[in-house]
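**Student:** Line by line, the protein sequences are chains R and S. The numbers in our numbering rise by one with no breaks, and the one at position 107 of the first sequence is 107. The numbers in our numbering rise by one with no breaks, and the one at position 576 of the second sequence is 576.
In short, the hints are calculated from the structure, not lab data. Computed from a predicted model, the values in this text were never measured in an experiment. We put the beta carbon where it would ideally sit given N, CA and C, even for glycine. One or more hints might be untrue.
Stated by the list, open to error - Computed Cβ-Cβ distance ranges for the label pairs, DEER-style:
1) S:D157 / R:P18: 47 to 55 Å
2) R:G81 / S:T598: 44 to 52 Å
3) R:E17 / S:E78: 29 to 37 Å
4) R:T41 / S:A148: 31 to 39 Å
5) S:Q217 / R:T41: 52 to 60 Å
6) S:D149 / R:T41: 38 to 46 Å
7) R:E17 / S:P241: 41 to 49 Å
8) R:G81 / S:S701: 34 to 42 Å
9) R:E17 / S:S473: 51 to 59 Å
10) S:K566 / R:G81: 20 to 28 Å
11) S:R61 / R:P18: 21 to 29 Å
12) R:P18 / S:P673: 49 to 57 Å
13) S:L238 / R:T11: 42 to 50 Å
14) R:M1 / S:R543: 37 to 45 Å
Stated by the list, open to error - Only some residues are given here: those of chain R computed to face chain S with a beta carbon under 7 Å:
15) L30
16) G34
17) I74
18) F90
19) E126
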Amino acid sequence: MRITVTVDGTTYTDEVEPRLLLVQYLRERLGKVGTVVGCDTSNCGACTVHLDGHSVKSCSVLAVQADGCEVTTIEGLARDGQLHPVQQAFHDNHALQCGFCTPGMIMQAIDLLAEDSDPDEQAVREGIEGNLCRCTGYQNIVRAVRDAAHEMRPGAGPEAERISGAQAGVHRS
Amino acid sequence: MTMAAEPEVGKGRLRKEDARLITGRTRWTDNISLPGMLHMAVLRSPMAHARITNIDASEARQAPGVLAVVTGADVADEQGSLPCAWPITEDMKTPNAPSMAVDQVNFAGEVVAAVVARSAAEAQDALEGIDVDYEDLPVVLDLQEAIADDADLVHPDLGTNKSATWIFDSAEAGTGGNVDEAIAGAEVTVERTFRQQRLIPAFMEPRSVVVDPTGEQTTMWSATQIPHILRLMLAMTLNVPEHKVRVIAPDVGGGFGGKLQVTPEEVITFLLARKLGRPVKYTETRTESLASAHHGRDQLQKLTIAARRDGTVTGLKVELLADMGAYLRLVTPGVPILGAFMYNAIYKIPAYHFACTNVFTTKTPTDAYRGAGRPEATFAIERMMDELATELGMDPLEVREKNWIKHEEFPYTTVSTLTYDSGNYEAATARAKELFDYDGLRREQAERRQRGDTVQLGIGISTFTEMCGLAPSRVLGSLSYGAGGWEYGAIRMLPTGKVEVITGSSAHGQGHETAWSQIVADKLGVPFEDIEVLHGDTQSSPRGLDTYGSRSLTVGAMAVLSAADKVIEKAKPIAAHMMECSPDDLEFSGGKFTVRGTDTSTGIADVALAVFAAHDLPDGVEPSLDSDATYDPENFSFPHGTHLCAAEVDTETGQVRLRSYVAVDDVGKVVNPLIVEGQVHGGLVQGIAQALFEEAVYDESGTLMTGTLADYLVPSAADMPSFTTDRTETPSTTNALGVKGVGEAGTIASTPAVVNAIVDAIRHMGVNDVEMPCTPMRVWQAIQGGAQSAAGLGAEPGGGMGSIDPEGGAR
């Protein structure tokens, strides 16, 4: 099937097998290897990306379902060399160790903050429940997400990561 | 030249590693793509124990995109036997361990065939075209049944399921009394049997390996903790020249001991890449990882403790059965033996006996998992101290205090022959009690009991120590370990004054790049930012024994420090020559050589440039400041601490809620408090997860029932509380930095703290143990039964709430 997807500001048109997962499309066809695969049952959340501004586990979405959509990955968050406030907060609060869960965790945290701009500790813990981390014990991740919330006031959202058409390049592969 | 105003060591430096990891600029092995690279998929046995009577792979060989299909018979002559580096006894029974099963499979998940194809999808699809005929053999699952006289055998050629029995006896060793006499003459004895359930390391990055045979050296990238050991073992296992192999551990997504292995998949990928002459990649799925990557723990522990009525412990006897699974992997047999030195823990125990029998079953092999032997020992002794306190009617902290080594008694040589260099158990405990409000919580506990609250409160204590920083080579030698315990470090002084640090430690989340930079910045007086740490590639980091056993800082960083000392010594005569003075008149501080008593100085960067030019060096001095060092520690490191846990148990549902958790750890001097705190947090959660959630469960046919992360319950953020962590600081006296290991401490300490809290909450209801994981079903059943809970109820995958119904089918 032929799909057209905008990923991190670049538009791609590709022929894909209907069974191809979005995460496979991102990693294997587009070289977007910043997004990773941690499981095969959609439990770990390592592959979390934004599809039209909302977080999805990209192992649970078919590439063809993303046809006509805008996808943001961990690689598309920084702007002009400036880290996204959630990325910065993960660094500032030592919210990662091996870093494998980090891309998904950050994408999920941004989605959480878009819905609740000032979550308390419990709300953060429940908001990232679908993303597993084996290194940090979560405490510094919770701290980072709340720290980012304070930095981002009055709130994050899909607007913060939308790239205007003028900036977006077009790439065919 | 800037001078460091304050020392780097001790600063909570944000990590250098983060920049790549938070932006997705990562080099996980599975991210690697090479020209002409092929993809491998493997077929695994669904049977736990069976003879392979026939394999028909003809359909797979015809499948589109397939370049090769191999079975065990095809590689039998070249695959060798996977290495076991730890023959714990001279008569240890070691089965042949093929990477790919040839005529028999011994656990479900063992590789029986492999396909290499143009794409991963084509390789996966082709597996369907392989038909394997199996002839059932009886499964061997239960540890106790496995050692019965008439037991079915995992490896009939060995004649037994017992691999080895390893014994330490203090009377025989001359380090203490006879334990049987101590027990016979005791005023009080307590006997308990604990079960250390089987766990799965469950690192977040599934294992992956890429082999490129197209260069002069065959290069293997692998998600491994041990690139150096892996290179050596590939050479020895496959009989390839060591200098023709290069191993790279790029970004590695966690290990926890689970990637301390030479895996069947690494060997098979190597063989197939060599056969085809093209790069081959293999990445496991999570399901494959859970079923076939090595597991951890899985022991039955019988303990007998003897004491006087006043609480003084007079003897401890430990009898273990340890499940090896189907094969002995790299350090499988030694894992329970590491515990032998830790059952006496922080206590002065005058008579001690330890005996462990290692047993084969038709399950996934076990091996190192965070703590490796020491969590099991710490759990058992800390549970026993609570049971003894109950028996004596004493406060459990009081019993511990009565028996622990006092701070003025260090260095202290224990009944199990280790010499603890330093510690202050009183200080850590006092700080923990203060942060925890121990007395206040005890009052609340009494009050809830009084009014028969449905939610009961329990307090769990764990005063732990552990041996880490593996380790003095001579000690490892005395334990028959196949390698030493040294580590390598090197410093390259670049002409512009920048520094490259080479380390044999192989980080996979620990933050070595940051911590090593801090240490070298202080030593050489160069800015933190001017230091690059190179690791994880046998080409740039030529020697090393890698990262496990909380050894990187206490051994690896010490090697780097020692190399830096040599750099200064090499620079000194050159600096003296430059300033026309005697080397003896020079002091080195803050990156500068200063002529004593004058303002005349020259920076180490100036010396580095002068060395590069080499125009005017003293006679006989080589134009290089580069230095390396290999450091072998004189002792293990012994971090310790006091952990206190308050747990609320809903007596109507069995649900456990951790209300507060205080961890006061003493890891000696701290290089980076941020990293130390992170290690403690993560360690705590893994230890707590053993207490509450995780278990690898097999059904009666030997099939792993917890083969997904829906069933194997790695905790999420919502399952965990926030922790209160603090430190006391008793420097190690055995290394120049005064540091101790921290990687495993949290995991070792927390499991007994949690279970002690649960049992303490419901002890008045007649409960003296709850088997781990303490699922709501098990806790509820223990309350109903008014006794130790039996395994069974609540033993299903996912604590009875997993996705697989044990009666068959999905929920």
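**Student:** Starting from the hint 20 to 28 Å, judge whether the C-beta atoms of S:K566 and R:G81 obey it.
**Tutor:** 39 Å, violated
**Student:** Identify whether the interface hint at R:F90 stands, where standing means a beta carbon of chain S within less than 7 Å of its own.
**Tutor:** Holds - the Cβ of R:F90 comes within 7 Å of chain S, reaching about 5 Å at its closest.
**Student:** Does the Cβ-Cβ separation between S:L238 and R:T11 fall within 42 to 50 Å?
**Tutor:** Hint holds: Cβ distance 47 Å, inside 42 to 50 Å.
**Student:** Taking the closest Cβ pair, is R:I74 under 7 Å from chain S?
**Tutor:** 4 Å, holds
**Student:** Could you see if the CB distance from R:E17 to S:E78 stays within 29 to 37 Å?
**Tutor:** Roughly 36 Å apart at Cβ, these two residues keep to the hinted range, so it holds.
**Student:** With a cut-off of 7 Å on the beta carbons, see whether R:G34 makes it to chain S.
**Tutor:** 2 Å, holds
**Student:** Does the Cβ distance between S:D157 and R:P18 fall inside 47 to 55 Å?
**Tutor:** Holds, since S:D157 and R:P18 (Cβ atoms, about 50 Å apart) stay within the stated range.
**Student:** Is the gap between the beta carbons of R:M1 and S:R543 within 37 to 45 Å?
**Tutor:** Since the Cβ atoms of R:M1 and S:R543 sit about 52 Å apart, the hinted range of 37 to 45 Å is violated.
**Student:** Given a hint of 31 to 39 Å, does the C-beta separation of R:T41 and S:A148 actually sit inside it?
**Tutor:** 38 Å, holds
**Student:** Within 51 to 59 Å: is that where the Cβ-Cβ distance between R:E17 and S:S473 falls?
**Tutor:** With Cβ atoms ~54 Å apart, the hint holds.
**Student:** Do the Cβ positions of R:G81 and S:S701 conform to the proposed distance bound of 34 to 42 Å?
**Tutor:** At roughly 57 Å between Cβ atoms, S:S701 and R:G81 fall outside 34 to 42 Å, so the hint is violated.
**Student:** With chain S as the partner, please determine if R:L30 meets the hint condition of a C-beta pair closer than 7 Å.
**Tutor:** Where the cut-off is 7 Å and the nearest Cβ of chain S is about 12 Å from R:L30, the hint is violated.
Checked against the numbered hints given earlier, this structure breaks hints 5, 8, 10, 14 and 15; the rest are met.
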